[in-house]
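*Asks:* Residue numbers (my numbering), protein chains in the order written: chain A, 1 to 370; chain H, 1 to 370.
Read the hints as simulated data drawn from the structure, not as lab findings.
There may be inaccurate statements among the hints.
Copies of the same chain look alike in the list, so a pair counts if it fits in one copy or across any two.
[Stated by the list, open to error] Below, computed lysine-lysine pairings styled on DSSO-like, alpha-carbon distance capped at 30 Å: (1) 223 <-> 343; (2) 244 <-> 295; (3) 343 <-> 138; (4) 134 <-> 157; (5) 295 <-> 134; (6) 50 <-> 323; (7) 244 <-> 323; (8) 244 <-> 157; (9) 138 <-> 323; (10) 244 <-> 328; (11) 138 <-> 225; (12) 225 <-> 328; (13) 50 <-> 286; (14) 50 <-> 138.
A quick note: this is a predicted structure, and the numbers were derived from the prediction, not measured.
These are the residues of each chain, in order.
Protein chains: 2
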Amino acid sequence: MTLPGQLNPTPRILLGPGPSNAHPRVLRAMGTPLIGHLDPEFIGIMEDVKSMLQQVFRTQNSLTFPVSATGSAGMEAVLTNLLEPGDDALICVNGVFGNRMADIVERLGATLHRVDAPWGEMIEPTQVEEALAKCKPKVVAIVHAETSTGVLQPLEKVGQLATNAGALFLVDAVTSLGGTDVRVDDWGIDAIYSGTQKCLSAPPGLAPVSFSEHAVEKIRSRKTKVQSWYLDTTMLINYWSGEKRAYHHTAPITSVYALYEALRIVLEEGLENRFERHLRNHELLKNGLEELGFKFLVREGYRLPMLNSVVLPEGFDDAEIRKILLEKYNIEVGAGLGEFAGKVWRIGLMGYGSNENHVNCLLSALRQVL
Amino acid sequence: MTLPGQLNPTPRILLGPGPSNAHPRVLRAMGTPLIGHLDPEFIGIMEDVKSMLQQVFRTQNSLTFPVSATGSAGMEAVLTNLLEPGDDALICVNGVFGNRMADIVERLGATLHRVDAPWGEMIEPTQVEEALAKCKPKVVAIVHAETSTGVLQPLEKVGQLATNAGALFLVDAVTSLGGTDVRVDDWGIDAIYSGTQKCLSAPPGLAPVSFSEHAVEKIRSRKTKVQSWYLDTTMLINYWSGEKRAYHHTAPITSVYALYEALRIVLEEGLENRFERHLRNHELLKNGLEELGFKFLVREGYRLPMLNSVVLPEGFDDAEIRKILLEKYNIEVGAGLGEFAGKVWRIGLMGYGSNENHVNCLLSALRQVL
């Protein structure tokens, strides 16, 4: 038996749908020796992470913390805590991640109501309004940044409709957080989840979440236990808040270190500066890609600055050119999903990865290949 | 608003119930720049991790991989995949982690049957035999290394009883894997889970699991969907095996890097050498502690070499002395849980952390304090 050799992956420029390149300071932070998950110094780090997450989510919610798993577990955490079997849930679906929410709702034994829009288009508030006239859901859930299509979903009107209907408003901000504005309190969001590997520029491994007071009330008044022990906030809250810091599961220390440093970097730059940088590099990429014959899938005004979905030019060999980009230029771009497979690319410019050099590298490589 | 300062936790000697100190090579591996979760090079790393996990688990099971969350999620993954609502489950409980399994079984809507033993004692095979005469469970689950009490549970007889009764045999090896022998195939184990932050000496964040062919058959013949989308092996298998490598969730790249390096270190040392080292340092610690008036909680022959549960000497101030150890000597030891709070310590010598210097540091510090 021979052992695998030393870990030595080729350095890549990650311009896919995530993970993006982690910031070098975040990578360094991950080499920090471990301390215990009940060490007073670790409790201090947790408090700082919570406080920085509140700033990035723009919320006062005290139940704000990172779930100990990747973004999809954040989705499951929000839904499993806020839904009980038999509850009605209205899920907006215009891509992979809306579909995933619908799948989870059914696994929880809740009753699924859907609002569908074609992939690549936003959900219209009127659609939600019509759906709310026909059902009385406990939650309305929607994806802010549909990573499968590149659509940026406006949230305010849908949030008002949900609140007026007496429903909790749930938002997927996996790809948007740290790259475009996410205003939890101003937009009436009751529960939100994100991931660390997109615009926060840390490795995948944690799912920042935040729950409003209304959401916490709903959780406290549940008649049944949360179906997932691991994601049960009624227990997690005793570790992430309060005096006792009761052991629930062993926190992923190093991932928390990474998030700590990633959030410091976000706040050092400032949210507005960061959003502006994402827009600027999106524009730069857009101009270059359009010159090369790519067309944007999503209509103007609803495009994600950090995830550019572009329709490939006529006669363009999707798989072959992605292969050349990866093997010759060490650049990863994302393939299209579902009906967009072979026809669309998803080009990420996320967090630390949203910079002029990355745009220039990709455009120059494409010019050479084409 | 002032930002928290640079991450700078005090270096600690971690002699609690976990996390243990990560190996320096593992910490270095975590600084490796990210590559994509569908990158052919990452697929290669995943294959190597699977193959090394098979060696450490001593199994040929093809469904062997790390769940993307901590050890407790491994517990939930095994139970949620193998149980459907209404299924009978026989759970052996002699500490915190057996109780946790029982809790999860009830959340899944399965019917719980318990075999209980006092904390600090092993489960007797005759108890399981008697329980199996009264119910016909789909699974029998037991904890190999009860981290709350320090009991090492012999598995072979219980496994035979489970198999003879037509049940799947499920084992918690969170604390044992990599520190004492775990023979999945020889012992007839159908599903097993572990954690990375104990005797594998990587940070917490992944839960290695393995499922036998019988377990996979049970999963394939489920009548209901797995309740957790995130932990659903029927989908995870398409990412961790096979040609297509279908996207499920974004793998925690850096945690997989850490596990890769940790497993290399385990196999370089050799399993037998590693187990022998854990025993040797356990003996060294035992002799020193007994001289100081500590008594072992668990009777000889059933003690975990990597987690020493000791009853404190008369008049010993638990909290005060743990505080001095942490603040003056930077040594963390674990407190007792439940009825053992204030009366018992749990002293971990796990993986890289099981070495003579750690034993000597703790014993010397205790001699100075007492």
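*Asks:* Decide, hint by hint, whether the structure agrees.
*Replies:* Results of checking the hints against the structure:
Taking the shortest Cα distances, residue 223 and residue 343 never come within 30 Å of each other, neither inside one copy (48 Å) nor across copies (37 Å). Only between protomers do residue 244 and residue 295 lie at most 30 Å apart by alpha-carbon distance; the minimum there is 28 Å, versus 55 Å within a single protomer. For the homomeric pair residue 343 and residue 138, neither the shortest alpha-carbon distance inside one copy (38 Å) nor that between copies (47 Å) is at most 30 Å. For the homomeric pair residue 134 and residue 157, the shortest alpha-carbon distance inside one copy (18 Å) is at most 30 Å, but the shortest distance between copies (58 Å) is not.
When the C-alpha separation of residue 295 and residue 134 is checked against a cutoff of 30 Å, the pair qualifies neither within a copy, at 38 Å, nor between copies, at 68 Å. For the identical chains of this complex, residue 50 and residue 323 are inter-copy neighbours only, at 26 Å across copies versus 41 Å inside a copy, given an alpha-carbon limit of 30 Å. When the C-alpha separation of residue 244 and residue 323 is checked against a cutoff of 30 Å, the pair qualifies only between copies, where the shortest distance is 16 Å, while the shortest distance within a copy is 53 Å. For a Cα distance limit of 30 Å, the shortest separation of residue 244 from residue 157 qualifies neither inside one copy, at 40 Å, nor across copies, at 40 Å.
Taking identical chains as interchangeable, the C-alpha atoms of residue 138 and residue 323 are never at most 30 Å apart, the minima being 46 Å within one chain and 47 Å between chains. For the identical chains of this complex, residue 244 and residue 328 are inter-copy neighbours only, at 23 Å across copies versus 54 Å inside a copy, given an alpha-carbon limit of 30 Å. Proximity of residue 138 and residue 225 under a CA criterion of 30 Å is satisfied in both settings, with 17 Å inside one chain copy and 23 Å between copies. With identical chains, the CA atoms of residue 225 and residue 328 are never at most 30 Å apart, being 52 Å at best within one copy and 42 Å at best between copies.
Taking the shortest alpha-carbon separations for residue 50 and residue 286, neither the intra-copy value of 36 Å nor the inter-copy value of 41 Å comes in at or below 30 Å. When the C-alpha separation of residue 50 and residue 138 is checked against a cutoff of 30 Å, the pair qualifies only within one copy, where the shortest distance is 27 Å, while the shortest distance between copies is 42 Å.
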